[in-house]
Structure formats: C-alpha cells, structure tokens
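**Q** Each chain, written out:
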Amino acid sequence: MESEREGYIIVTPGTLLATSEKKGEGTFILNGKTYSKFFGIVKKTDYKTSVVPFTQKYGPKRGDMVIGQIRDFKHPFWIVDIFSASPAFLYVKDTNIRESRMDQANSTFKPGGWIFAEVSELTDRVKISMRSREARILEGGRFATVSPSKIPRVIGKKGSMIKIIQDRTGCRIKTGQNGLIWIDGGKADLAIKVIQKIEREAHISGLTDRVVELLNKEGIPGPARDENANDEDMDNEPEEVNENGAD
Amino acid sequence: MELIKNGIRLDGRKLDELRPLNAKLKIVENAEGSAMFKMGDTIAVATVYGPMEVYPAFLEKADRAILEVNYQMLPFSTDDRMRPGFSRRNVEISMLIKRVFENAIFLEDMPRTKILINIEILGADASTRCAAINAASLALAVAGIPMKDLVSSCAAGKVNAQTVLDVAGTEDTEGEVDMPLAYMPLTEEVVLLQMDGIITRADFKDMTAKAIEGCRKIYEFQKKALLEHRPE
Numbered sequence: 001m002e003s004e005r006e007g008y009i010i011v012t013p014g015t016l017l018a019t020s021e022k023k024g025e026g027t028f029i030l031n032g033k034t035y036s037k038f039f040g041i042v043k044k045t046d047y048k049t050s051v052v053p054f055t056q057k058y059g060p061k062r063g064d065m066v067i068g069q070i071r072d073f074k075h076p077f078w079i080v081d082i083f084s085a086s087p088a089f090l091y092v093k094d095t096n097i098r099e100s101r102m103d104q105a106n107s108t109f110k111p112g113g114w115i116f117a118e119v120s121e122l123t124d125r126v127k128i129s130m131r132s133r134e135a136r137i138l139e140g141g142r143f144a145t146v147s148p149s150k151i152p153r154v155i156g157k158k159g160s161m162i163k164i165i166q167d168r169t170g171c172r173i174k175t176g177q178n179g180l181i182w183i184d185g186g187k188a189d190l191a192i193k194v195i196q197k198i199e200r201e202a203h204i205s206g207l208t209d210r211v212v213e214l215l216n217k218e219g220i221p222g223p224a225r226d227e228n229a230n231d232e233d234m235d236n237e238p239e240e241v242n243e244n245g246a247d
Numbered sequence: 001m002e003l004i005k006n007g008i009r010l011d012g013r014k015l016d017e018l019r020p021l022n023a024k025l026k027i028v029e030n031a032e033g034s035a036m037f038k039m040g041d042t043i044a045v046a047t048v049y050g051p052m053e054v055y056p057a058f059l060e061k062a063d064r065a066i067l068e069v070n071y072q073m074l075p076f077s078t079d080d081r082m083r084p085g086f087s088r089r090n091v092e093i094s095m096l097i098k099r100v101f102e103n104a105i106f107l108e109d110m111p112r113t114k115i116l117i118n119i120e121i122l123g124a125d126a127s128t129r130c131a132a133i134n135a136a137s138l139a140l141a142v143a144g145i146p147m148k149d150l151v152s153s154c155a156a157g158k159v160n161a162q163t164v165l166d167v168a169g170t171e172d173t174e175g176e177v178d179m180p181l182a183y184m185p186l187t188e189e190v191v192l193l194q195m196d197g198i199i200t201r202a203d204f205k206d207m208t209a210k211a212i213e214g215c216r217k218i219y220e221f222q223k224k225a226l227l228e229h230r231p232e
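Protein sequence lines correspond, in order, to chains A and B.
So for the first sequence, the numbering used here puts the first residue at 1; every next one is plus one.
So for the second sequence, the numbering used here puts the first residue at 1; every next one is plus one.
In isolation and in its complexed conformation, chain A is listed as follows (with noise of 0.2 Å):
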C-alpha cells in the first residue's frame, strides 16, 4: 500500500516498488522484485528507486562535516560523540596541537566541550579530523536538532536556506550532517522556530517561500543583519522582494 500526498509517496517496510529489480538505496530485492526496506518518502529517477527513511539514526560518510561532543580523552586520541551508532575518534595529529605541547590538549578539548570537524576516515573505527577550513571548536550557543535525512532541506540548494536564515536573524550557523545544528548570537530563537518549521515540512514542496513568509511574519522584512547595517541594506530589499515572488 502507498499513499499519495501532494506529489510525494510514502510507503511503508515491505511495499512493492517495482516489477523488476532496480537499483537504489533503502530497497531490497526479492524473486527478482523491488521492495522498500523504511517507513519513508520514494525518490524514483529514470534508472534508480530509493526509499528515504523520516527519521534515522545518523550513519557516517566520508566527508560529511558533523558536530560532536568530546566525552574523554585516551592518547593518542579524543572519544568524541557524534550521535550516531558508534562514537568517533580525534586523533591528536588531525588537529593543530603539536606532539610536544599536549599540556594545551586538554584545555583546548575539554570533555563535555563541543566541536564541528569532518569524517576523515571509515575503516574499522570513525575517525574525524579538525584540518578541515570550515572545522572549529564551538563555544558558547545554543543546539537544535533535526532528523538527519533533513539536513540537506535546512542547507537548501547551494547553502540559499541556510543562508536566509543566517541573514534574516542574525545568526552564526553551521549544520552538521549529524542532524544538529548549532546557533549563536542574532534571534536564535527564531532561527529555531524556523528550523522546527523545515523540519515538519521537509518534503513539502515550495519551503523557501515559506520560510520567507513566516520571516516576514516575525516582522524582520528585509535583512537585518543589525540596525547600523539596514541602510546599506535597503537598495537591496526590493531585489528580494521580487527573489521571491519569482521563486
């Protein structure tokens, strides 16, 4: 059984997906059929079928730039929780402590302390490392979370979601893959109003428009980054308006 809800379908583990077997994630094959594996939305294109499960526990991909929190330290490396099914590890050398002067680490990663890094490595352990540019240490902040499948909706198309929000409250934002999103400064508080908004209509097609449209309803119009800077700022709202009657 399927259900069809403004353009999407959802299924259910077990649903028949094709007469065939196709290629994709999430789906099985049984006697040369394709079945769905998650309770989730399809994502059919010409030569793949895949299921994207709601909500799932975070798995780790190379590359992936994730926040996590240090829980101990056992040299030659950091255990750092990364809220998927197994922790990650920091090893000294992926950061900028050198060998010699490990009487920083500990002050520099303490337990309990926050970090955005990226996965390194897959092998038989998660290894993330703090060389990456974007990589940094959070202080201070506040944390929402968000199921990880709906990341890429909070980022949006080349960063412009994430970049509207960013804009519009005020606020330094950096999304982890891992599902948490971490804020600071500006209306945080609206930031994460919006962010709970993406979450629940994630696969609702036309989410920047309404986003915009609760924004707007917040009263912040136009970008506002703070009050010094909105007379720079008004040549460019009109622009905006029109941005987003086009969308």
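Calculated directly from the structure, the hints in this document are not laboratory data.
Some hints here could point you the wrong way.
[As the list claims (entries may be wrong)] A few chain A residues that don't get close to chain B, going by computed Cβ distances all over 10 Å:
| no. | residue |
| --- | --- |
| 1 | 70 |
| 2 | 108 |
| 3 | 205 |
[To be verified] Here chain B is said to cover these stretches of chain A; the calculated rule only asks that three of the stretch's residues, wherever they fall, bring their Cβ under 8 Å from a Cβ of chain B:
| no. | region |
| --- | --- |
| 4 | 23 to 34 |
| 5 | 55 to 68 |
Virtual Cβ for every residue (Gly too), placed ideally from N, Cα, C.
Position chain B against the provided structure of chain A, taking the given hints into account.
**A** Chain B in isolation, oriented as in the chain A frame:
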C-alpha cells in the same frame, strides 16, 4: 460455562472478528521510534533505541547487529498486582519476540551495533505478546530500521469446541486452546507459533488459517496507521 451463543461471543463479537484496534505513533520523544498498539483492553507500548554501541563488547557481532528485547508487564496491567522485575515469563516472551524480529530486520546492514526494543504492557487482557509484536513492529518502522516487512500477530483459539479468532477475557481462562501466531504477509512466513491445549489436526488447520487471516487484517491496520500519521 457457555461462552458462545448462536455464533456470538461474550463480548458481542462474531467467531472471526478482531477486537477494536487502535494505534498511536511517536509517543516517546527520546526514543528513535515508539508506538502504542491496543487490541481491546490489551495495551502495549514499544520504544526502539539505536542502532547504538554494544556493551559489553564481547556480545558484538562483526557481521551483523544484535537485538535486545525487554518485555515487561507493568504492576497495574492485571487485575491482581503484577510483581515488577524479573520473571521467567518476561524472559521467555522477550526471547521469542527477539527471534521474531531477527527474521524481519536486515541485521547485516548495521554490523557491530545493537538495537534495543523495550515493550511495556499497560493493560493485559489476553494475547499480550501479539500486541507487543504489533507495537514493536510499528516502532521499528518509525525508527527507520531496515525491515523486510511489518510483522503482524494475533491469536486464534478453541472455545466451547468452536475455533475463534483473537481470544480475549474469559475465553482465555475458560477456553480450551490458545494459539498466538505472527506472520509476515510479503514472504508468507509464519515467524511465531505457540500453542497450549489439545486439538485435532483439522482444528489446528482451521485455527492457523483463521489466525493468518486475522494477521492480514492487522497488517492493513498497521499500514494505515503509518501512512495516515501526521506530525503535529
């Protein structure tokens, strides 16, 4: 004791009629997946955590995930107070529910991890293990665990020399035979079959057919519950 009169049972059901069903999803926020399944007065709540690390580490399997199932009846679930904690019955039912789901879950997709299923029985009025399996099946689907199919379960029985579907209440204590059965409609596999009592071969066949038919109805209900669920 007369339990069936003119083809109508004590609670007003026909011989092959299920008790009223009800299901709720995502009722426990901290769990990856959770569900409540209600069959008449039998209520089961299942919560699924994981995949997660395996402790102690020697239980870890290099090629597949392991399952841990904790089934327990809460003190207020029965008429007399149920003593909470360890009991042989809880251990037995946890074990057989674990074996049921080992057939349904793609354990090899998640090596070196553990999936934890906790099942609490809030109300016990016969076939608690069936309600437990139905609830756990929904909770696993919500948690995004890869599965072959949803598992549905219901019981058939023999009461007053007649075969009936979904034994409940007095029928369970006064009836002759109770036979819980779990079924996966996609592969037509029977993954659980237990029975106590003495019956003929013909009755057994009849009861199996009735139970499978009941499982198919529950399967459709489970699918409906999943597809019609809307996040608030």
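**Q** For residue 70/A, is the shortest CB-to-CB distance to chain B above 10 Å, so the non-interface label stands?
**A** Consistent with the label, residue 70/A stays out of reach of chain B, its closest Cβ about 16 Å off (over 10 Å).
**Q** Is the Cβ of residue 205/A more than 10 Å away from each Cβ in chain B?
**A** About 17 Å separates residue 205/A from the closest Cβ of chain B, which puts it past 10 Å; holds.
**Q** At 10 Å, judged by beta carbons, does residue 108/A keep clear of chain B as stated?
**A** For residue 108/A, whose nearest Cβ neighbour in chain B is about 26 Å away, the distance exceeds 10 Å, so it holds.
**Q** Are there three or more residues in the region 55 to 68 of chain A whose C-beta lies within less than 8 Å of some C-beta in chain B?
**A** With 3 residues in contact (Cβ-Cβ under 8 Å with chain B), the coverage given for the region 55 to 68 of chain A holds.
**Q** Can the region 23 to 34 of chain A be counted as covered by chain B under the rule of three residues or more with Cβ-Cβ separation shorter than 8 Å?
**A** holds (count 3)
Violation of the numbered hints given earlier is absent; every hint is satisfied by the structure.
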